[in-house]
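Student: Given the sequences, and given the hints that come with them, work out the whole structure.
So the chains spell out like this:
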Amino acid sequence: MSLVVEKRPLLSRKWAEQLFYGAAVLALVVALMVLVTLLLDIFIDGSSRLGWDFLTGYPSRFPEKAGVLPALTGSFCLILLTALFAFPIGIAAAIYLEEYAPQNRLTRIIELNIANLAGVPSIIYGLLGLQLFIRFFGFGRSLLAGAMTMALLILPVIIITARESLRTVPRSLREASIALGATKWQTIRHHVVPVAFPGILTGCILATSRAIGETAPLITIGALTYVAFLPDSIFSPFTALPIQSFNWISRPQTAFHANAAAAITVLLVVLLAMNAFAIWLRGRLEKKYKLSRL
Amino acid sequence: MFWRDVTEKVVRCVLFLCAAISILTTVGVVLVLSFEVVQFFQKVSFADFFLDTEWTPLFATKRFGIWPLIAGTFLTSLIAICVALPLGLLIAVYLSEMAPWRLRNVLKPILEILAGIPTVVYGYFALLFVTPTLRYLIPDLAGFNALSPGLVMGIMILPMVASLSEDALRSVPNSFREGSYALGSTKLQMIITVLIPAAMGGIIASFMLAVSRAVGETMIVAIAAGQQPVLTLNPTQAVETMTAYIVQVSLGDTPHGTIEYNTIFAVGMMLFLITFGVNWISIAVREHFRKKYR
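Chains A and B, in that order, give the protein sequences.
Heads up: the first sequence runs through residues 1 to 294, numbered per my numbering.
Heads up: the second sequence runs through residues 1 to 294, numbered per my numbering.
Each statement offered as a hint is correct.
Heads up, simulated BS3-like pairs for lysine-lysine below, C-alpha to C-alpha not over 27 Å straight-line: (1) A:K288 / A:K184; (2) B:K187 / B:K292; (3) B:K187 / B:K108; (4) B:K43 / B:K62; (5) A:K14 / B:K187; (6) A:K184 / B:K9; (7) A:K287 / B:K108.
To be clear, the hints were calculated from the coordinates, so they are not data collected in a lab.
Tutor: Rendered as structure tokens:
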């Protein structure tokens, strides 16, 4: 490092410091103000439409009669299916990379590839899902195709968070189990995974909650924007809350914008509920684990 | 004993296959995109795609110059980066070096809320709140423009920049700070001459990830930036980004095999190459600095 001779008086250095501090606090205030404004704006715009009728209604040409029941049901089914695909595969991949993978080139490539996939835009996954699940496998524009696309999208995040949880399990636990004659898989199944489970589950739920708000891949694979029925099988066409919101936003009539705001409010409440559930579950599982094992 | 060994082998294989799905995903994306891109370039020449300055595949007279879409993406991303980088870095420095830990523990989850809001919500906010508000300041602002989604996108990626940069700053050993103070630095001098250079790897990596997020962001620009592929860097006019074009075509019922259908994959390929490249740079920078400081 080169020698810096400070020639300015101490006082001006103090001023610079104050200025920097002010700028930093200002940056933070701006970010928080935007958050508050955004939430307030949406809540105020949508409050006139929020109500039981809105939650149990079907889409309509008349904005004051429209509701989000198909979208809400669609989002719910979609997330459930996505979790069904993504959780086992993601956790299995994490276990392989954390516990089994040898330190070689292939492992390194897989790891770098996962890090990179986490940064691929979601709309690209939509294009993949469109060609692979809809055209190639012929699933149609169904819940199944949507859920599989979403599962591919959240897999990298799930693998990364699950690995972090597995890493926190102390080595001594593994060694003790091996010393007692357990095989590697027995050790992992009965000792490592149960200890890491609260963390893994929380990470998985948080990753899935991100998928609830994803819109672009669903538009690309052709989720419908006007659905006046509830999905009855995994092959039935569907819509989801973010798609319904997008559809209402892009209409010129301002009455539909209120519907969009109300649908977004519902979406945010669902998101919040999922996050709260994840945190509650972690607390509960951690307590249970402590009581039974320590 | 035999069955135990078999189980071990089978489990290992299954876990490996799950991890290999990530590689298959990347291969799948490349294959799916290439397949359609080859078809695209059988109908359109390379020169038309890379040298023409007009993009009108949906009109009667079709032109296939990609530049207007790249310009739209570049413009909105640039605005977003101009918001997210300075604010994000300031917030990171504040949280890591200045904020009392109690405040920090409150602020970090709030920033995570900001990061978890679905992008369609930001799109609503950009179109129906930010644009009308900005119109008071800039009367010429078009209803759809690059400025408002750019600014909102900046706020969206800000938490990511702040969080990743803060991690990088906090991982700088305390001895660096103490060394700088011992030489008589003020806090600000320590931050600028010692802390930020030492954390540069992580900071650059977070910047690159922010760039890739901005380039691949879809819903905000699809909602608020418009659908007019014009080659301009004027932020008050409507533009169209690569992602918004894919959404625009996906919303219509474009039959498989037509040139319009091919175009979304050609655009998708450009988008994938750009974000993949930027992500690799980010990972490479992080690895490089990690080795340097080990």
